[in-house]
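Novice: Sequence:
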Amino acid sequence: MSAFIGFFSDSFGYVLNYIYNLVQNYGLSIILFSILLKIILLPLSVKQHKTMMKTSKIQTEMKAIQTKYKKEPEKMNKEVMELYKRNNMSPFSGCSSVIVQMILLFAIFFLVRNPLTHMKKIDPVVLENYTTEITQEIGEEGISTQYSEISVVKYVQGKDLKDSEFYINMEFLGLDLSNVPQENFHNWTVYIIPVLYVLSSTISIRLINSMNAKNNKKEDIIEVNGEKKEPEEPDMAAQMSKTMTWMMPIMSVSISIIAPLGLALYWLINNVLMVIEKLILNKVLSSKEEEKNA
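Count the sequence shown with the numbering used here and you get residues 3 to 296, in order.
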């Protein structure tokens, strides 16, 4: 598993380093990298949005089946599968998006955690020898046990050794992206990006929930065998979607507190881009759906 994630971290590192060589700023590089990655993943986002719209359209039928066969679970599952089949859908259609998010979560974390390995591609032996030299000069407390490469970057940046192969310009809008909130809790500036990330997550979650509510057009009454009834079974797909919607930001916030600020910046920019993407896709695809129905 680590080798699999490492492959993506190395691949992303090549791209991030290429952008960094052009702009010479780590923060700006992360922003441009985030935009590029969002463009590459656009087809998956479009597919995910279309799946969400399809799922919304079959909710009434789904609830009718759940209510009608609530005492016959096998029959209910069979009818649900038939419903998916009639609409050319898969009950696991949302899994690909979750898998991609998890891969990105860990790949970007390891990339930001070890930028000299994944981004600068520095030989491990050379890096270890230089780390030993720094330790001998400033003591072991100068090298973080969790983020040794970040400590090396901070040391080189502090010495202003711009010609060093270990140098990465992590100053961005007055913030040092090499700082870790957990290790610099006395410095209030380390909380600016995580707080902005929390705010952007709240906005994106409310936007997604609002779009789902609008697209679902949920009915309080459904018809079963000619009788109008209230749905008694919960919408499991909606519950799962809601859980995932909240779980990812909570997990991300938890990690951003113990990770370098570069990671929180990536998630912040990704959230902003996601909100813009959702608004555009919802408008464009909803318009096409309305034209198709007309």
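What the hints contain is simulated information worked out from the structure, not anything from laboratory work. Some hints could be false.
What the hints assert, rightly or not - For lysine to aspartate or glutamate, the following DMTMM-like pairs were computed, each having C-alpha atoms within a straight-line distance of at most 25 Å: (1) Lys164 with Glu143; (2) Lys49 with Glu76; (3) Lys164 with Glu139; (4) Lys70 with Glu84.
To be verified - Now the in silico label distances, taken between C-beta atoms and shown as ranges: (5) Ser4 with Lys59: 20 to 30 Å; (6) Ile259 with Glu135: 58 to 68 Å; (7) Glu63 with Ile42: 54 to 64 Å; (8) Lys59 with Tyr169: 53 to 63 Å; (9) Glu74 with Met253: 14 to 24 Å; (10) Leu201 with Gln103: 16 to 26 Å; (11) Gly141 with Ile41: 43 to 53 Å.
We put the beta carbon where it would ideally sit given N, CA and C, even for glycine.
Novice: Take the hints in turn and mark each one as holding or not.
Specialist: Hints versus structure:
no., hint, result
1, Lys164 with Glu143, "holds, 24 Å"
2, Lys49 with Glu76, "violated, 30 Å"
3, Lys164 with Glu139, "holds, 19 Å"
4, Lys70 with Glu84, "holds, 15 Å"
5, Ser4 with Lys59: 20 to 30 Å, "violated, 41 Å"
6, Ile259 with Glu135: 58 to 68 Å, "violated, 31 Å"
7, Glu63 with Ile42: 54 to 64 Å, "violated, 35 Å"
8, Lys59 with Tyr169: 53 to 63 Å, "holds, 54 Å"
9, Glu74 with Met253: 14 to 24 Å, "violated, 37 Å"
10, Leu201 with Gln103: 16 to 26 Å, "holds, 20 Å"
11, Gly141 with Ile41: 43 to 53 Å, "holds, 45 Å"
Checked against the numbered hints listed earlier, the structure breaks hints 2, 5, 6, 7, 9; every other hint is satisfied.
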